[in-house]
Amino acid sequence: MVNLQVTMDDKTLKNILERQQYKEGFVTDVEQEYVPKGLNEDIIRLISAKKEEPQWLLDFRLDAFRKWQKMTEPSWGHLKLPKIDYQDIIYYAAPKKDSERPKEIDPALMETFNKLGIPLREREVLAGVKAKESQVAVDAVFDSVSVTTTFRKTLAEKGIIFCSFSEAVKEHPDLVRKYLASVVPSGDNFFAALNSAVFSDGSFCYIPKGVKCPMELSSYFRINASGTGQFERTLIVADEGSQLSYMEGCTAPMRDENQLHAAVVEIVVEQDADVKYSTVQNWYPGDENGRGGILNLVTKRGICKGSGSHLSWTQVETGSAITWKYPSTILKGDNSSSEFYSVAVTNNYQQADTGTKMIHIGRNTRSRIVSKGISAGHSENSYRGLVKVNPGAAGAKNFSQCDSLLIGSNCGAHTFPVIQSSCPTAIVEHEATTSKISENQLFYCNQRGIGPEDAVGLIVNGYAKEVLSRLPMEFAVEAQKLLQVSLEGSVG
Amino acid sequence: MSEVLLEIKGLHAEVEGKEILKGVDLAIRRGEVHAVMGPNGAGKSTLSAVLTGRPDYTVTAGSVTFAGRDLLTMSPEERSWAGLFLSFQYPIEIPGVSITNFMKAAINARRKAAGQEEMKPAEFLKLMKEKMAFVQMKGEFAKREVNVGFSGGEKKRNEIFQMAMLDPTLAILDETDSGLDVDALKIVAQGVNDLRSPEKAAIIVTHYQKLLEYVVPDVVHVLKEGRIVRTGGRELVDIIEKEGFEKIDG
Amino acid sequence: MAKVYLIGKDAVPGRISLGKGELLDMVLVALPGVSADIGLEVDLDGENAELNLYGLYLCPNEERLNINVKVAHNVGRCTSRQLFKGIVGGRSRTGFYGLIYVAKDAQQTKAYQENHNLQLSEEAKVETRPQLEIYADDVECSHGATVGKLDEQEQFYMRSRGIPEDKARELQMISFISSVAAQVEDETLREKIYDSLSEC
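Chains as they are written, first to last, in the numbering used here: chain S, 1 to 492; chain C, 1 to 250; chain D, 1 to 200.
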């Protein structure tokens, strides 16, 4: 029998009791090893050494760190970012391995991910019985390390590489070296530079030419230790004519402190390849008074490198105290296309500044942006986007629709799009609306016996349907529930 | 005589600071169908709104008892759970929400309030099918978004469908007959007639007599300027038909 | 009657405040050859104030034109409508920056803004930044922005009816700007605007 030790201090327990809605807010009691608090070249060398990295990667980190030291935090977001003391953060925390059984997963971690609904055991597929039952391969990251990656063998049979970033560095150094920072350069922005200097783990995925990935791949990020930040790095390469659907999820314990999460995701889509990247972001959002919560400051970018390539972003953002995130696509290949579908919900004192950039470089490139923002409580929710059409992008087309819904009179909803066109044959269209949740709709639901909170959930889910319907099945149900839970307490 | 299901006493109500209902008295017994008729602006829709608890309407005096309970202290959803149903004059569109999901939410909310388990999917689907056939809606109807892109007649049929699904004790039909063709009118009428039983009751709010040809009311009230000025049998309908509302008063 | 300001000729006010129930109709026009940086803020400071703001810019050559408009709904129950249209060709550069700001408690605000641009050449650069910054919930606000080209099917239709390409283009441009040009009541000026389309 596995004896799970999940302990909570009184305060956390009280929080959970009072605030049932964030059910992922528990802490797992495992023995962890840490690097000392603070950030300097020695810390970076230490992280690199712990991970037994080659010299080129250490050089990459140090180069990024030197760039970062000369940079300042971006202030253009419609956000009140708390002062972050970068010397007061632990940049590496990992659960200790059982020295006698280093290959085995700690049962407490197993149970943690189980509790979060993330299966770390490959479900056995009985011969003949539901042979094609939907399967999801998971790379599970706990604080600074990947705990396990499932279905590696099954995927390897098709030539697909799916593993933790650290393993990829060891086993596929040429691929990593070729593509790392090819989409997000190490000095791209303040948080990307920080990530490039200190990133600890994340997922790596390579789909070879012409291969259709037989199952959904996913990364699940869990922050557990206090006083730490999480800096994961994901790199996805879809070679010519390949297909992939990738999902990302995340949660963290409830704490009064803010914890920093600064990730980088890079996606390379070669000719005629098709990648769909879906995120359900459910980091701890802080309490109803705005105490605590994750600072989610991430850089996600893909390049549609080859002609006819396609990259689709879908995100459901319900968590984090602060979200600063703009999954973007560089449409370089002719006839390449990209979409950004987003639902961002903010409640209480959450702040979100999120959107996308679509950079049209190739001819006949297409992009589509659908953003649904929902603000409640005292929150601030902004859409920020850039659609840029370069001179050579003949026949490029973009359409953007950004809608905001306000629940209550103490929140804010903002829309900040930028369109830059240098091409006379391009067509760029942007529309945005802002309105409040309809009292008529609420009353209609109430009259049918649906109470105020359920009614808000139902209406908001309907409002966001165009985006939710893009999510893979495995995610859609969860996302719908999450929207409802996130808005609890927003009416009445 | 059967038991009184709904009793309204001296009801005064206002909207946006303007008094619309100025002392309404009404008692409906189980098994009865009442018609509330009156010219535009008489307060008919306000009466439906107040009975179902619309937030922007304020009751300033009077009482309403429904099945022995003080209706005015109950929230709109509690009134629904207690068996009150309003067929809206202007049904509301809810984009992105399918009729199936909407009804599932409504039925399960009620069951939860009654301490019952959620309805089993198979049972729910069977009920949907049965009631859809009843209002002559085809299979794809269940997948359509609530009232979005519906014609006027479809919206009203959707209201009757929901009424059949929720099986209320007291149904209030607010101008359900306006803008309906004869076929749709017959479906609506059949919906109400099917609901007739010794335990239940209905209020038909209208300013036409059209629906009342198919659903014969037991009692007819005339509402004018916020008061019920006359109460009688079905013969009142013919008088109104011939002479209009002007000549009728207390 | 809408007050018309010819950019480069008339002094455009930097800041205007509208009091209770006040109505302002205003048209900004930039004819070919005009480069300018326009900053305008309209504050809706009294309830039931109403603003109708129109703009037109024709920049076929080397123009550098920036229009920066802020419409601030500081109190509730006001309505603002904005419509800006631009034709941008040659090597000109235009920027439209339009902010709709709705203060907390400025309930029952209605605010609309549109900016449409026709881009006629490779070397021209068009930037548009419509912005909504909203702190009240009982509002109806929208903005729309487009950058596009003349519709080819429309053009083909006209040419198939015997209208030469140049004339067809001009007709399309007339149709594109007409909703703004129609606000100019001075017939001489309106003619001048339509005539200048031949330079585009």
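The hints are simulated quantities; they were obtained by calculation from the structure and are not laboratory data.
We treat Cβ as the ideally placed atom computed from N, Cα and C, and that holds for glycine.
Among these hints, one or two may not hold up.
Derived Cβ-Cβ restraints for the label pairs, each shown as a range [said to hold, decoys possible]:
no., chain 1, residue 1, chain 2, residue 2, range
1, S, Glu288, C, Pro55, 21 to 31 Å
2, S, Asn440, D, Glu47, 43 to 53 Å
3, D, Lys167, C, Glu16, 50 to 60 Å
4, S, Thr72, D, Asp138, 31 to 41 Å
5, D, Asp138, C, Tyr90, 13 to 23 Å
6, D, Asp138, S, Met215, 27 to 37 Å
7, S, Thr72, C, Glu140, 37 to 47 Å
8, S, Asn114, D, Glu47, 55 to 65 Å
Cross-link-like lysine-lysine pairs, in silico, DSSO-like; alpha carbons within 27 Å at most [said to hold, decoys possible]:
no., chain 1, residue 1, chain 2, residue 2
9, S, Lys465, C, Lys143
10, S, Lys96, S, Lys170
11, S, Lys158, S, Lys178
12, S, Lys481, S, Lys276
13, D, Lys104, S, Lys332
14, C, Lys224, S, Lys481
15, S, Lys153, S, Lys115
16, S, Lys103, S, Lys51
17, S, Lys436, C, Lys104
18, C, Lys143, S, Lys23
19, C, Lys247, C, Lys224
20, S, Lys481, C, Lys18
21, C, Lys126, C, Lys112
22, D, Lys149, S, Lys436
23, S, Lys80, D, Lys149
Consistency of the hints with the structure:
Separation of Glu288(S) from Pro55(C) is about 24 Å and conforms to the stated range, judged on CB atoms against 21 to 31 Å. Our hint of 43 to 53 Å for Asn440(S) and Glu47(D) is violated, since their Cβ atoms are close to 24 Å apart. As the Cβ distance of Lys167(D) to Glu16(C) is approximately 56 Å, the hint placing it in 50 to 60 Å holds. Checked against the hint of 31 to 41 Å, the pair Thr72(S) and Asp138(D) passes, with Cβ atoms roughly 39 Å apart.
Judged by the Cβ atoms, the range 13 to 23 Å given for Asp138(D) and Tyr90(C) holds: they are separated by roughly 20 Å. A hinted range of 27 to 37 Å for the beta carbons of Asp138(D) and Met215(S) is inconsistent with their spacing of about 47 Å. Judged by the Cβ atoms, the range 37 to 47 Å given for Thr72(S) and Glu140(C) is violated: they are separated by roughly 57 Å. One distance hint, 55 to 65 Å for the beta-carbon pair Asn114(S) and Glu47(D), holds here, with the actual separation near 58 Å.
Distance hint between Lys465(S) and Lys143(C) is fulfilled; the C-alpha atoms sit about 13 Å from each other, no more than 27 Å. Between Lys96(S) and Lys170(S) the alpha-carbon distance is near 21 Å, which keeps this suggested pair within the 27 Å criterion. Between Lys158(S) and Lys178(S), the direct Cα distance comes to roughly 22 Å. Compliance with the 27 Å bound is thereby established for this hinted pair. Among the hinted pairs, Lys481(S) with Lys276(S) is consistent with the structure: their alpha-carbon atoms are about 22 Å apart, no more than 27 Å.
At most 27 Å may separate the alpha-carbon atoms for a hinted pair to count; Lys104(D) and Lys332(S) exceed this at roughly 43 Å. About 48 Å separates the Cα atoms of Lys224(C) and Lys481(S), which puts this hinted pair outside 27 Å; it is violated. In summary, the hint linking Lys153(S) to Lys115(S) is supported, as the alpha carbons are separated by about 25 Å, within the 27 Å threshold. In summary, the hint linking Lys103(S) to Lys51(S) is supported, as the alpha carbons are separated by about 16 Å, within the 27 Å threshold.
Between Lys436(S) and Lys104(C), the direct Cα distance comes to roughly 25 Å. Compliance with the 27 Å bound is thereby established for this hinted pair. For the given pair, Lys143(C) sits about 32 Å from Lys23(S) by alpha-carbon distance, which is inconsistent with the 27 Å threshold. Between Lys247(C) and Lys224(C) the CA atoms are separated by roughly 11 Å; this keeps the pair inside 27 Å, and the hint holds. Restraint check for Lys481(S) and Lys18(C): the C-alpha separation of about 41 Å exceeds 27 Å, so the hint is violated.
For the suggested pair Lys126(C) and Lys112(C), the alpha carbons sit about 20 Å apart, so the restraint of at most 27 Å is met. For the hint linking Lys149(D) to Lys436(S), the alpha-carbon distance of about 35 Å lies beyond 27 Å, and the restraint is violated. Between Lys80(S) and Lys149(D) the CA atoms are separated by roughly 40 Å; this puts the pair beyond 27 Å, and the hint is violated.
Consistency note: the structure conflicts with the earlier hints numbered 2, 6, 7, 13, 14, 18, 20, 22, 23.
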